[in-house]
Amino acid sequence: MAQATKSDSQIFSEIAVKIIESQESIIGPIALQQAKKVSGLSLDWSHKKVDIKSNSPKVIDSLVNQYKVLFGDMAVETCRDVSRQLVSQLPANERPQTLNI
Amino acid sequence: MEDTTKKINGHSLLRKKKLQDMYANVSQQMYARNRELAETNKTLSLLKTIDALVLESHASLKVVCQHITDAIAQATDYPFVGLLTRASNSEDEMRLFGWSGKDWLGGNKPEALNLPIHLKTYQDWLENPSVTSTISIKDVQPSQIAENLHLKTSDVERIFQAVPIKSVLIIKLKVRRRIVGLLVVGFLVDKDEIAESDTVLLDSLGDSIGVALDNKLLFEQNQNVLKQLQESNNKLVALDEAKDDFVSMASHQLRTPLTAIKGNISMVLDGDAGDVTEVQRKLLTQTSYSTQRMIYIIADLLNVSRLRTGKFVIDAEPVDLVKLITEEMDQLEFAAASKSLKLNFKKPDKITPILLDNAKTRQIIMNFVDNAIYYTPAGKNITIELTENKSTIEFRVIDEGIGVPKSEQHHLFTKFYRAANARKARPDGTGLGLFMAKKVIIAQGGAVIFDSKEGKGSTFGFMFSKNKLAVPENFEKKAPQAEFLS
Numbered sequence: 060m061a062q063a064t065k066s067d068s069q070i071f072s073e074i075a076v077k078i079i080e081s082q083e084s085i086i087g088p089i090a091l092q093q094a095k096k097v098s099g100l101s102l103d104w105s106h107k108k109v110d111i112k113s114n115s116p117k118v119i120d121s122l123v124n125q126y127k128v129l130f131g132d133m134a135v136e137t138c139r140d141v142s143r144q145l146v147s148q149l150p151a152n153e154r155p156q157t158l159n160i
Numbered sequence: 123m124e125d126t127t128k129k130i131n132g133h134s135l136l137r138k139k140k141l142q143d144m145y146a147n148v149s150q151q152m153y154a155r156n157r158e159l160a161e162t163n164k165t166l167s168l169l170k171t172i173d174a175l176v177l178e179s180h181a182s183l184k185v186v187c188q189h190i191t192d193a194i195a196q197a198t199d200y201p202f203v204g205l206l207t208r209a210s211n212s213e214d215e216m217r218l219f220g221w222s223g224k225d226w227l228g229g230n231k232p233e234a235l236n237l238p239i240h241l242k243t244y245q246d247w248l249e250n251p252s253v254t255s256t257i258s259i260k261d262v263q264p265s266q267i268a269e270n271l272h273l274k275t276s277d278v279e280r281i282f283q284a285v286p287i288k289s290v291l292i293i294k295l296k297v298r299r300r301i302v303g304l305l306v307v308g309f310l311v312d313k314d315e316i317a318e319s320d321t322v323l324l325d326s327l328g329d330s331i332g333v334a335l336d337n338k339l340l341f342e343q344n345q346n347v348l349k350q351l352q353e354s355n356n357k358l359v360a361l362d363e364a365k366d367d368f369v370s371m372a373s374h375q376l377r378t379p380l381t382a383i384k385g386n387i388s389m390v391l392d393g394d395a396g397d398v399t400e401v402q403r404k405l406l407t408q409t410s411y412s413t414q415r416m417i418y419i420i421a422d423l424l425n426v427s428r429l430r431t432g433k434f435v436i437d438a439e440p441v442d443l444v445k446l447i448t449e450e451m452d453q454l455e456f457a458a459a460s461k462s463l464k465l466n467f468k469k470p471d472k473i474t475p476i477l478l479d480n481a482k483t484r485q486i487i488m489n490f491v492d493n494a495i496y497y498t499p500a501g502k503n504i505t506i507e508l509t510e511n512k513s514t515i516e517f518r519v520i521d522e523g524i525g526v527p528k529s530e531q532h533h534l535f536t537k538f539y540r541a542a543n544a545r546k547a548r549p550d551g552t553g554l555g556l557f558m559a560k561k562v563i564i565a566q567g568g569a570v571i572f573d574s575k576e577g578k579g580s581t582f583g584f585m586f587s588k589n590k591l592a593v594p595e596n597f598e599k600k601a602p603q604a605e606f607l608s
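As given, the protein sequences belong to chains A and B, one line each in that order.
At the far end of the first sequence sits residue 160, using the numbering used here, and the numbering has no gaps.
At the far end of the second sequence sits residue 608, using the numbering used here, and the numbering has no gaps.
Simulated from the structure, these hints should not be mistaken for lab results.
Keep in mind that this is a model prediction, so the values were computed, not measured.
Note that the Cβ used here is the ideal one computed from N, Cα and C, for glycine as well.
There could be a bad hint or two in this list.
As the list claims (entries may be wrong) - Computed spacing ranges between beta-carbons, pair by pair:
| no. | chain 1 | residue 1 | chain 2 | residue 2 | range |
| --- | --- | --- | --- | --- | --- |
| 1 | B | Lys164 | A | Lys95 | 42 to 52 Å |
| 2 | B | Arg155 | A | Gly99 | 28 to 38 Å |
| 3 | A | Lys65 | B | Gln352 | 44 to 54 Å |
| 4 | A | Gln69 | B | Lys274 | 26 to 36 Å |
| 5 | A | Asn124 | B | Arg298 | 43 to 53 Å |
To be verified - Capping the alpha-carbon separation at 30 Å, the derived lysine-lysine pairs in DSS-like fashion look like this:
| no. | chain 1 | residue 1 | chain 2 | residue 2 |
| --- | --- | --- | --- | --- |
| 6 | B | Lys288 | A | Lys117 |
| 7 | B | Lys139 | A | Lys127 |
| 8 | A | Lys77 | B | Lys170 |
| 9 | B | Lys288 | A | Lys96 |
| 10 | B | Lys590 | B | Lys461 |
| 11 | A | Lys107 | B | Lys288 |
| 12 | A | Lys127 | B | Lys140 |
The task is simple: from the sequences and hints, build the whole structure.
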């Protein structure tokens, strides 16, 4: 039985992809424009790839806040819903504050 | 002046703030609406995929289940999706036919997940009206699961080690008050943390998958019934062939002694064994007639068998129908007289000979007249009519008998069919006479004449084209050719 283990940085990248994807399905291209404004986030959206340079939890928090500023708490709720399963795989002290339930 | 400017600025700021609040409010409302639409869209798109998979697939239930779980896993990020369903031939067990958790478990399904779940064990739970149940893995011991599912505890522990799921959502797939399957979804979060959007999505999928599985199960059940019917049919065909072989062999064996009996009776009647008294003549004539009938019944049985094996042949030769009919009538005279029936033969003085199978045509005539005698009440008339027209020769037996009910007339010339009133009047008939008569008439290029009114009487006969069956000038009888009839 092969268990695929993911590194934390992989999980953070996947969280960012999930968040941007879900926001894109709701607000369209604005989601991508807002994501590009987040420092520390490097996007290759044609390949659905996101790199986070350092301090991943903080970068994810910034991304979530970017949407919160525009669309309020519901945008945060969306981010939490889509990243729930991935966040649960992170150690408790590594989890982004905005997504910690 | 200064006060006025301050007032205006204050107003402007207030208005700006109000506008900003309004803008934020509208944006959030729009966001909420769009989110609802995006979720609905996701559900609909998944439902559409599942519908397409089921409707367009000719694959087995197992493969369809696998496609469904793959589609769900692709559209979501659930670490484990399992679809259990009843096998089409089993009512009391379910099997995991579709599963998706390859990221965690690798490509091969763990052996433990191949085992069936016995529904009787879960009767109470299955009958519980709630459709969805959520289990927190921390609340159940692997040994408890292993015991319920008839698995080894070590296998269950290994699965939980490989897939770190914290909760499981089980949806009963109910259709027509019957559970057709279970959709099992594993989550990496605890049961209280499962997003509402996930439960809503899975609820909607449950209804659609249930109907899809039910249709697939019904289709497979139909296929199984069809297969069983085909197998039964094959067995029946084999039995039928064995029966035909037996009938064919028995008929051959019976024909030889019967011919000898008939020949000997004929010799006695001709006076070859001395003088015959009137009483003896009557009895022997009746015996001869019954023997002939038996020969014809045996011939019918043989011909039916030959039809099936493609060995049915028409042995054509020039036939004078007046002579042939007269000879057959002579044999039936006694039977008619014993029922006080009058046989009237209306015939032309002379008739053009045509190419017919002598023995088989005799048999048809005998069959038509014999039936008329049987089914006509005593004291009535039977008219036998032979007419030659410009292009056809037509033969009719017109009786004043019981007739054939309208509703049964279209079955009359089919194998073994006998009308209800005929069965009552004559229980010993084979139902082969008219079937064979039609086959023989059509095989010779003729047409059947039939008309009947229940309680009034019937007309049976045939019509042959003179041109088609004309005897060539230098006719020489050839060895008969086999004719393949359907």
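Now for the hints, and whether the structure bears them out:
no.: 1; hint: B:Lys164 to A:Lys95: 42 to 52 Å; result: 25 Å, violated
no.: 2; hint: B:Arg155 to A:Gly99: 28 to 38 Å; result: 32 Å, holds
no.: 3; hint: A:Lys65 to B:Gln352: 44 to 54 Å; result: 53 Å, holds
no.: 4; hint: A:Gln69 to B:Lys274: 26 to 36 Å; result: 33 Å, holds
no.: 5; hint: A:Asn124 to B:Arg298: 43 to 53 Å; result: 50 Å, holds
no.: 6; hint: B:Lys288 to A:Lys117; result: 26 Å, holds
no.: 7; hint: B:Lys139 to A:Lys127; result: 19 Å, holds
no.: 8; hint: A:Lys77 to B:Lys170; result: 23 Å, holds
no.: 9; hint: B:Lys288 to A:Lys96; result: 36 Å, violated
no.: 10; hint: B:Lys590 to B:Lys461; result: 39 Å, violated
no.: 11; hint: A:Lys107 to B:Lys288; result: 28 Å, holds
no.: 12; hint: A:Lys127 to B:Lys140; result: 19 Å, holds
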